[in-house]
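With chain U's structure known, arrange chain E on it following the hints.
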Amino acid sequence: MAAPMLRWGCRGRRWALAWVDGGSCHRRGAPTGSTSNRIRGQSSLAQQPLRTAQKPRKGEHKWAAVVGLEIHAQISSNSKLFSGSQVRFSAPPNSLVSFFDASLPGTLPVLNRRCVEAAVMTGLALNCHINKKSLFDRKHYFYADLPAGYQITQQRLPIAVNGSLTYGISAGKERGQVIPKTVRVKQIQLEQDSGKSLHDDLRSQTLVDLNRAEGQLRVDANVSVHHPGEPLGVRTEVKNLNSLRFLAKAIDYEIQRQISELENGGEILNETRSFHEKLGCTVSMRDKEAKQDYRFMPEPNLPPLLLYDATSLPTDADPQQVINIDQIREMLPELPSVTRERLVQQYGMLPEHSFTLLNEVGLLEFFQNVIKETRAEPKKVTSWVLNIFLGYLKQENLAVSESPVTPSALAELLDLLDSRTISSSAAKQVFEELWKREGKTPGQIVSEKQLELMQDRGALEQFCYSVMKDHPQVVMDVKKGNPRAINKLIGLVRKATLNRADPAVIKEILEKQLSL
Amino acid sequence: MGSLLRVSAALKQGQITPTELCQKCLSLIKKTKFLNAYITVSEEVALKQAEESEKRYKNGQSLGDLDGIPIAVKDNFSTSGIETTCASNMLKGYVPPYNATVVQKLLDQGALLMGKTNLDEFAMGSGSTDGVFGPVKNPWSYSKQYREKRKQNPHSESGDSDWLITGGSSGGSAAAVSAFTCYAALGSDTGGSTRNPAAHCGLVGFKPSYGLVSRHGLIPLVNSMDVPGILTRCVDDAAMVLGVLAGHDPKDSTTVHDPINKPLVLSSLADVSKLCIGIPKEYLVPELSSEIQSLWSRAADLFESEGAKVIEVSLPHTSYSIVCYHVLCTSEVASNMARFDGLQYGHRCDIDVSTEAMYAATRREGFNDVVRGRILSGNFFLLKENYENYFVKAQKVRRLIANDFVNAFNSGVDVLLTPTTLSEAVPYLEFIKEDNRTRSAQDDIFTQAVNMAGLPAVSIPIALSNQGLPIGLQFIGRAFYDQQLLTVAKWFEKQVQFPVIQLQELMDDCSAILENEKLASVSLKQ
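If you read the sequences in order, they're chains U and E.
Take the first sequence: its letters are residues 1 to 516, numbered as in our numbering.
Take the second sequence: its letters are residues 1 to 526, numbered as in our numbering.
Any given hint might turn out to be false.
[As the list claims (entries may be wrong)] From the structure, some residues in chain U lie toward chain E, with a derived Cβ separation under 8 Å: (1) P105; (2) L108; (3) G149; (4) M297; (5) P300.
To be clear, the hints were calculated from the coordinates, so they are not data collected in a lab.
The beta carbon of each residue, even a glycine, is placed where N, CA and C say it ideally should be.
Chain U extracted, bound-state conformation (with noise of 0.2 Å):
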């Protein structure tokens, strides 16, 4: 337990989906959730046409679903939010538990700098308010990987709240249209997460791990459906969510789920559901401690956290005893929103090119460092990161980081591109050379390979001359007006130069033999 979490939540609260048209979901056939038997169910259900045999008329019974989503993500900290011992990703089970971690009578919890650093960033990273003042709860209930019966989180004063985080959505007509979208952030909060169950169910018996040192991210959602204008309908909890995809899939799930249970003349219980990841749809819980009273009370063994600003700050502060929220604001990176804007601005590359550089971790910069030595257009290196060498590090699983091509490298091979020394097809050969890590430059790949284009004109006038030659019927098409053989005459012409030819400047030479 307690590798520190942050947790940011918008329940019940933020107008998340678009409007679901009622008539949608029968062509889905979602399932109505019997409980009993509920994976057969699930399953056969899927397969069966949709009991129900009224249809909307056009216009009613439109459907607007809401959803809030209670995001878990772990802080990437050394330590734990409430205890010294460390945080490491795939640990020893057990053995980075201290004292506390452990719960032993008498361990107090004391509250890691570095967490509270973390979420006031995060927290003006997502437009919030920032609580100069905290508090922190107990939140209780009996499970065997929460050894203290109880959790610490910050359920009525939060450190962070009200916040907002706009991004775009490409679902425009045209392509490269984005449309803005806005949610809601109603609270940020540090929690101590809990330990790990492992169920051995063959031997029937628990394994606790109090590392709890995985899991980067874990999303509860919540979800109801209403007709718009009428009250919130009862709401459902999907939880453990921990990937977007998932997260995604559930959502959909669940809001087809529940107005097909409404129109068929069911309800929605106000119950915890599981999402299952092969069948694709959720499941009740019928988890005992999903309706239990968390009797919720303040932690008594942690004073309240206060937060300064410049204005606000003791003149006689320690520093070290103090979290200056400006400080921490001025620390705050470009956050992706304005890279993004700048991209687009800056490079006139399409804006979900601005987004698929960010999402990957490094991308960015590289694109960056090529950019800065290079002489080729900014649109040519977009291309070339995005589509060729993404596409390299995707096929073989790597990161950014372990890429065997540099900046530098893809930045000299653009150069060539650039200057023509070699056509597009070598330029891709080069690359391919450049990615078995031999340690050569793209010059020397080029020089070796004789990748250059044909500068001797004379030579090229020959290499033209001699494929006319052979090729009267092509030649005769050509006279004969098709637009298409002079391409055929283009292609036998690089073949017989092996590819070293510049493609425009075979066809003038065509076109001026031929007359044209």
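This is chain E only, laid out in the frame that chain U set:
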């Protein structure tokens, strides 16, 4: 041999060695075993520590006043390698892997840990009668002073059946110091648990300001009120120990950063003419024994006659203290006790049908009725539907109670003077006629509000009752004015000359040790 500082001087002068001192205390522990003061006697640890201390003295590298001094620690402080039970089945056999900060600080100064003292289970009680190891007997039950008075009383029964309680919940620590088995002991004080037994056992019982002394390693009762307490035979000793214990602990975020002056040496007040003593009128309750009432008033007169200003003050919310405490205490208890589930440490039942069944049976077997009752009440108060009506209201009342003190001190009062207890120690058979909850509610009446406000308070023995039993009065100071409070207490202690307990009959072959204790028995009652 009486006070810690005197024996410390004897050690420094080589009149006695740490090992000799340790052995004498161990021998007294054995002789007074029937008092049930100790749950665990850490004889080997103490002797080894004494040996090391002796080496230091020989090499002229004494660690200070506490080096070689036998001390005892209430069994709700974690002690590395030494069983820590809280007098509960739940923690029988639990051996902590670490020392509470206060224990570590004492050991770092060379103190000898004689053992872990008895208490009410998880410190929930005011008699030291409700622990799984049985009740603690008050050494004064066997004192010459009390025995002689009883002979004069034709109604009193003979024999041992009417032995007296120590008060509690730190009764084991009080009995241990009172019976000369150690020179200072740690208690804990949540509603009076150090001051109450100190009053009943004729000792100085000091509750420091909340936040002055680390709670790390103290197994909590009510985190927001718990404070490690100090039991000694005189005020100077308590001040010396406080000097060692006080200060910020990185492991306890509720400890304050500004340390008090250390080492803490109390000056002797030459006169009290600049002092203003407040007498809270609400503390004059009908249940207060007339004897204590008259001693309280004599004490006030003493201050006045020596030039101090003595005024009546009002703490208007005092009467809500008990019920407010009940809500806050049980709520925190419900929360704090949640970790005792049998999984990781302490008692675990044999039932393994399900985790829930195991929890339930473990907790039923592990906790006594008092603890279970408080857990049940606390969980009730914390339910979502009750939280506002009980917990939040109690917190508001707590604030009002704390503000009462602030207002009193802001009106110019330096120190408040009150009784510590309603009466002197009562016989066990009398005490158990009422249940734990009733007793706690009655007995904490003068002490509890102080914990709500986080103030320092000290109980000072003032005189013997008509029955020959000790009576204490309480001084309450401003938050973090612990030194001022103890300075006043020291002046008072000197005036009243409380008599030393005479246990010669009980421990005749130890009389040599006790010979030196013959202090003049001048009391206010004369």
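Do the hints match the structure? See the list:
| no. | hint | verdict |
| --- | --- | --- |
| 1 | P105 | holds, 4 Å |
| 2 | L108 | holds, 5 Å |
| 3 | G149 | holds, 2 Å |
| 4 | M297 | holds, 6 Å |
| 5 | P300 | holds, 4 Å |
The structure agrees with every numbered hint stated previously.
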